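Kindly generate the complete structure, drawing on both the sequences and the hints.
Listed in order, the protein sequences are those of chains B and H. For the first sequence, UniProt numbering begins at 1 and goes up steadily by one. For the second sequence, UniProt numbering begins at 1 and goes up steadily by one.
Don't take every hint at face value.
[Unchecked claim] Subject to a maximum C-alpha distance of 25 angstroms in a straight line, what follows is the list of computed DMTMM-like cross-link-like pairs (lysine to aspartate or glutamate): (1) H:Lys42 / B:Glu141; (2) B:Lys42 / H:Asp146; (3) B:Lys2 / B:Asp36.
Hints are computed from structural coordinates only; laboratory data are not their basis. In this text, all values refer to a predicted model and were calculated from it rather than measured experimentally.
Okay, here's what each chain looks like letter by letter:
Number of protein chains: 2
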Amino acid sequence: MKLYSMPSSGNSYKVRLLLALLGRNAEILDVEYQTDALDRAKADGRLPFGKAPVLELDDGRLLPESDAILCFLGAGTDFVPTDPYVHAQMLSWMFWEQNQHEGTVAVRAALSFYPQRRHLATPERMAELLTSGHANLQIMENRLADHDWLAGDNMTLADICLYGYTHTAGERGGFDMSRFPGINHWIQRISALPGYKGLNE
Amino acid sequence: MKLYSMPSSGNSYKVRLLLALLGRNAEILDVEYQTDALDRAKADGRLPFGKAPVLELDDGRLLPESDAILCFLGAGTDFVPTDPYVHAQMLSWMFWEQNQHEGTVAVRAALSFYPQRRHLATPERMAELLTSGHANLQIMENRLADHDWLAGDNMTLADICLYGYTHTAGERGGFDMSRFPGINHWIQRISALPGYKGLNE
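Rendered as structure tokens:
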């Protein structure tokens, strides 16, 4: 198995984190933002939707989209609930992450983090993203204030998925994480897991 | 079962379409954009992420996110592949839809369609969304030019999911659908299915 992975991106990190927690190996092919390696992977047709991460199976078949890769690699493990409703709740958080959380929490961080994007970080846009990002983090806090995990009683792929961009939301995105004690405890729980690897490990 | 459903929204329509194709019934509760019914559903805590659609089970449990509802209702039907890789490909399209397609194709349509949002439809934004929406439609076309369905050899939830906003992309979004013959044939295939219901039916 190979993973086309963008080292700086939360979407790619999610997959590396799941592999680490499962004790599974994949050959990691770095395709950083604005590098030749990324351009080459695109030109060679290895990134079907034009983005990393992409999982390449041993027979060459490709699978794009971080959360679909989590579902593929996680199938049959303890991170995927067997109860149909809890399973669907896990997916609700994961679709919400791609639709709402990523477009606010991750985008604000990216506008600050990547020098090439700073011209898009107008004061109006950054203020809007601060408000909408805090509102999305509050939706997570509402759940995590009195539950250990996002869906059901155990850790699922939804927690790995949302950890990707949430654990750097303060440092990279400039969000005020002191408002979200439930999220902070949840981040501590995940980062203390056996096998855990950080974003830059 | 009850479905909190926004009549004008492709996300809510996807779920109504799946119910129709499966011959299943749910009580449809209309929560149109900027109506008292929507405000009431939010105030009553019936929309956990603040948006429609939401499925309410007979015991009162709630499930938000259109694509998670499709997965919940579709489990065990012919619309969900049993092969793990094709299943994951179906999810790739569905996550991509929430992350890329909806934020361009559906957003451009919404800015034109809802009078309350027209002040956001600046010429610059509409031009940007036209370019990015066409690029996303081209990704679908690349697949549908020589395949009947998005994932594997049979229709899956991915087709229902992407049909939601794609079938009105020309009329509502102003996209040039003459560029995409594969998509147009796929739209015809879906709208000819037994049990099919249109957006306004």
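Here is how each hint holds up against the structure:
Our distance criterion of 25 angstroms between C-alpha atoms is met by Lys42 (chain H) and Glu141 (chain B), whose separation comes to about 18 angstroms. As the CA atoms of Lys42 (chain B) and Asp146 (chain H) are separated by approximately 21 angstroms, the hinted pair is consistent with the 25 angstroms bound. With a C-alpha separation of about 18 angstroms, the suggested pair Lys2 (chain B) and Asp36 (chain B) falls inside the 25 angstroms cut-off, and the hint holds.
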